[in-house]
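Novice: Mind docking chain B on chain A? Use the hints.
There are 2 protein chains.
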Amino acid sequence: MPKDNTPLFTVSTGPLPSSRKVHAPGRLFPDLRVALREIDLEPGCGEAPVRVYDSSGPYSDPAAGIDIERGLPALRAGWIEARGDVETYDGRAIKPEDNGLRRGQPSNLEEFPASGRRPVRAKAGAVVTQLAYARRGIVTPEMEYVAIRENLGREAGLGAPRDGQSFGASVPDHVTPEFVRDEIARGRAIIPANINHPEIEPMIIGRNFLVKINANIGNSAVASSVSEEVEKMVWATRWGADTVMDLSTGANIHTTREWIIRNSAVPIGTVPIYQALEKVGGKAEDLTWEIYRDTLIEQAEQGVDYFTIHAGVRLAHIPLTARRVTGIVSRGGSILAKWCLAHHRENFLYTRFEEICEIMRAYDISFSLGDGLRPGSIADANDAAQFAELETLGELTKTAWKHDVQVMIEGPGHVPMHKIKENMERQLAVCDEAPFYTLGPLTTDIAPGYDHITSGIGAAMIGWFGCAMLCYVTPKEHLGLPDRDDVKVGVVTYKIAAHAADLAKGHPAAKLRDDALSRARFDFRWRDQFHLSLDPETAERFHDQTLPAEGAKSAHFCSMCGPKFCSMKITQEVRDYAASGMAEMSRNFREAGSEIYHPVASE
Amino acid sequence: MPKDNTPLFTVSTGPLPSSRKVHAPGRLFPDLRVALREIDLEPGCGEAPVRVYDSSGPYSDPAAGIDIERGLPALRAGWIEARGDVETYDGRAIKPEDNGLRRGQPSNLEEFPASGRRPVRAKAGAVVTQLAYARRGIVTPEMEYVAIRENLGREAGLGAPRDGQSFGASVPDHVTPEFVRDEIARGRAIIPANINHPEIEPMIIGRNFLVKINANIGNSAVASSVSEEVEKMVWATRWGADTVMDLSTGANIHTTREWIIRNSAVPIGTVPIYQALEKVGGKAEDLTWEIYRDTLIEQAEQGVDYFTIHAGVRLAHIPLTARRVTGIVSRGGSILAKWCLAHHRENFLYTRFEEICEIMRAYDISFSLGDGLRPGSIADANDAAQFAELETLGELTKTAWKHDVQVMIEGPGHVPMHKIKENMERQLAVCDEAPFYTLGPLTTDIAPGYDHITSGIGAAMIGWFGCAMLCYVTPKEHLGLPDRDDVKVGVVTYKIAAHAADLAKGHPAAKLRDDALSRARFDFRWRDQFHLSLDPETAERFHDQTLPAEGAKSAHFCSMCGPKFCSMKITQEVRDYAASGMAEMSRNFREAGSEIYHPVASE
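Same order as they appear, the protein sequences are chains A and B. Position 591, counted from 1, in the first sequence is what the UniProt record's numbering calls 591; the numbers after and before it change by one each time, with no gaps. Position 116, counted from 1, in the second sequence is what the UniProt record's numbering calls 116; the numbers after and before it change by one each time, with no gaps.
Extracted from the complex, chain A is given alone in its bound form (with noise of 0.2 Å):
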């Protein structure tokens, strides 16, 4: 394709304000350039530069040079063609019905242009996956990269005393490439990493692990462009997500997911049932398991990291949800209902669950077991159609590791606050300690608009059980189509809720970004406050709308207050005064028999 030097489309790119991409080398593989945030604070104020997570890709980095067109740099090429188990091969051909296009229609839509790539497999006999190098004792690069990410670029533990409630998780003070090794062996985490993803910086979703969050985009039958995809990916990124699901239907699915994931340095899912139903015009009893296998190979060989598979909303459950309030509202289970009632059969992914265990591996692609009949409702929470297909996941969990396959498993939903951790608890027995994945859940139906915040509380608590990543949910759920701004809001809400559970959990490292920042605030460090936080933009912005003025952000004081009447100043002068008068005053009155003072605490 002929390229003039106007780019397609522009997505976001720079750092964000204060901060700089940092670096960390690997210690069992010294080639490895972890990258990390740093954000760097007030000069003079004698705090050290604060290193946070950064899911954010070369994106953030003025040092790299991004080309939309061209993707990102590989990576991992160089570690996947080391291990020496993979084969380059000629891929499956594109199809017309692959975009929902007849055949000879002409697509509207741009192809990505660099499509020279020739997709990899596992080398026949060879078992690829994070798992299977996991349980032969093998570090990988992947595994000793999000080793380093997990500790936020600490070199060692804290020693601190740990302060929280883990409910049973065991995160520990200091994460080694060997622990991430043991929990991936052990199931309780995988990474999802495609071997036709290179381009991916490697994360780790599991209950011992710092929690992750998950951002959907894709286009819909009714709206959005190819353009406005890539920009949604990269800006989910941008503010915090740590995994994007492409949930594209209609056209152009498979042109738009090329660029999605070429441009992605976080691992991308995909529910495949819906380009499966496209092909089939729409009618979910045309689907076949050749029609599906075809499409699990065409997005295996794009690079597609984990995949929805909605194997266990079995023939069985379905009349369970008859009387519901709200029925089946999984897409994807709604789909599959459709089509076991349809032919009086079995669900096929049920059925063909090893086959697709063989591709999954061939791939390294990991099982997100789809909870097809999660329930749309408070008034359906936790029911037996819940609970019924769960137990079949926790089979199907079994089966995807006896085919050295990563599984994590889906979770509701809409659950009231008194019914989430029996969620939590029932994923943990019956799927042995596979990582949970979660929407929200909400807890309560009764605010559209706001189900960002409903499903927020909910994830933040479920988080905090034991849940390894949550899905987010935009303002816009149950009304409409995100848009950037939608996105964003949901991000940073979720980010709130997976940060909330890493304290509660007693995460070692959480708590110094919680800590900086309120030193920031006693100190009327307004600008460090703003970058320190999970959104400066905003925090800057709805500063400036009450005091704009360019020195309000030096002032010793705030628009609630104001400057006579400041709270952290008179406490300024307490402490002045503790600090010089207190033991004074505290032995005279000891003295004079009086208890009055109380000693400071020596914690």
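Do not take every clue at face value.
Where chains are identical, the list cannot tell them apart; a pair therefore holds if satisfied intra-copy or between any two copies.
[What the hints assert, rightly or not] Pairs of lysine to aspartate or glutamate residues, derived as EDC-like cross-links and limited to a Cα-Cα distance of at most 16 Å, are as follows:
hint: 1; residue 1: Lys402; residue 2: Glu355
hint: 2; residue 1: Lys421; residue 2: Asp163
hint: 3; residue 1: Lys283; residue 2: Glu573
hint: 4; residue 1: Lys279; residue 2: Asp294
hint: 5; residue 1: Lys123; residue 2: Glu81
hint: 6; residue 1: Lys553; residue 2: Asp523
Just so you know, the hints here were simulated from the structure itself, not pulled from any lab data.
Specialist: Frame of chain A, contents of chain B only:
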């Protein structure tokens, strides 16, 4: 004051979409007209209108003649008079310093016009608090009003099995006036209702009732005007605020408050020390009991319904804060800490506490015992200073009860999730179940600009655990003064938290609205879905951003999946299929010895 036809300013009036004001009569007091909102659903949908709690007052009633310069009708005046235990008297004269003016300096603010009102107080020897009446076995009209209100218009219990985890709360199936009386007598609930604020529609705060929310408003030294503040009050109650605190500082405090109280149908709370501090030019050490006492009388005569009083900030507790990351963050707490240290004396609010009780008793003002030492950061949560103060608040609760004064207790603040429950449990134990009233708590410090969400998570949880009222936090918290939009977002977020808590506690009627909305969602009754939501305007606007056509609101699909690919539609087919064919198929399979269909659970 001469009055032409141009109002000084206007406020938001009119019903919410598809909603009518209805009034339920009393049983003991047949003249009662308890305001409720009834939401009409689409004609022909076969669903009854849904009654919901309505905090919006007469403003949402088109039949009410709103005149801001006259104030609301004195709903309770006849009830108060009929008890025969109050006397009208010449109130304290308004002084220039009440508005922060120097003697002789003219106010730049329009006085509230209808100022011929003379205050009332208890006759000598009479005790006019709802607590005193309850203890004497009397059911007041206020008590029956709140009983009917709490039932959301239900005239009997639902008789349905309870679904929730209440942590020791016992919300009855149907609230009777006698139950209200007993809970108040026990000290477990309060009806904040100053006899000088006859305009309110009574409401109740207690763990065995619906969880309530408070919105803070108030001008500051930096910004805002009286018309803005009155509109914020009306606006906050329109979206669900059950009480409003006027936290004004700076000039014109007295006049602003008069406008707010005369136009408020919800209880108004204040922090009297703020105004007292203004009267001494902002110098905490110049505060005296006489100035504070005079301020209490001033506000009591105006009709403030509850006072935040930081009597628990004892001199002995102050050194416990010296090593905190964020010291003392409560304004009231820091003012009193400074006073204590400056004078080397015990907090005068503590030493004069019984005198304060006597004043508040004469007007039936409720205590909101302030947590002046609440933590201002995750680092400081649940520390020695906070819990030392709580012990003192427990002691003061008993003192207030001894004087027949109603009491609630303020709580934090900033608390990570795993430390929230300890707050609730300690408060219940130490304060003998007096209602808890918390600010959030915020579950992380790293998201300024989103602190409605960081705190909404904590608020939902502590509401579930037993907190009776949740003080809202707006997106501007820590950054600036909330505007109208921020107030709305804060209120709706806290309605979500309170409602999620009611659901999780197993409130018998809370789920009715969720279920009605979920049925509307499943039936694609878009307008009903909007109308049943906490914020119908935002829900409809979000929907229309993707599918603006008027026809889309009656379309049996939405923008997420489009017309062809709709899980709700497929579910309906599954359901139809199940209804027609499943029984027979199931029989056939069973006869063939197969267990492939589970029987539909007959709950």
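Novice: Look at each hint and say if it fits the structure.
Specialist: Okay, the hints, checked on the actual structure:
In this assembly of identical chains, Lys402 and Glu355 lie within 16 Å of each other by CA distance solely inside one copy; the values are 12 Å within and 75 Å between copies. Taking the closest pair of Cα atoms, Lys421 and Asp163 come within 16 Å of each other only across two copies (15 Å); inside a single copy the shortest separation is 21 Å, beyond that limit. For the identical chains of this complex, Lys283 and Glu573 are inter-copy neighbours only, at 13 Å across copies versus 72 Å inside a copy, given an alpha-carbon limit of 16 Å. Taking identical chains as interchangeable, the C-alpha atoms of Lys279 and Asp294 lie at most 16 Å apart only when both belong to the same chain, with a minimum of 11 Å there against 79 Å between chains.
Within a single copy, Lys123 and Glu81 get their C-alpha atoms as close as 12 Å, which meets the 16 Å cut-off; across copies the closest is 92 Å, which misses it. Only within a single protomer do Lys553 and Asp523 lie at most 16 Å apart by alpha-carbon distance; the minimum there is 12 Å, versus 52 Å between protomers.
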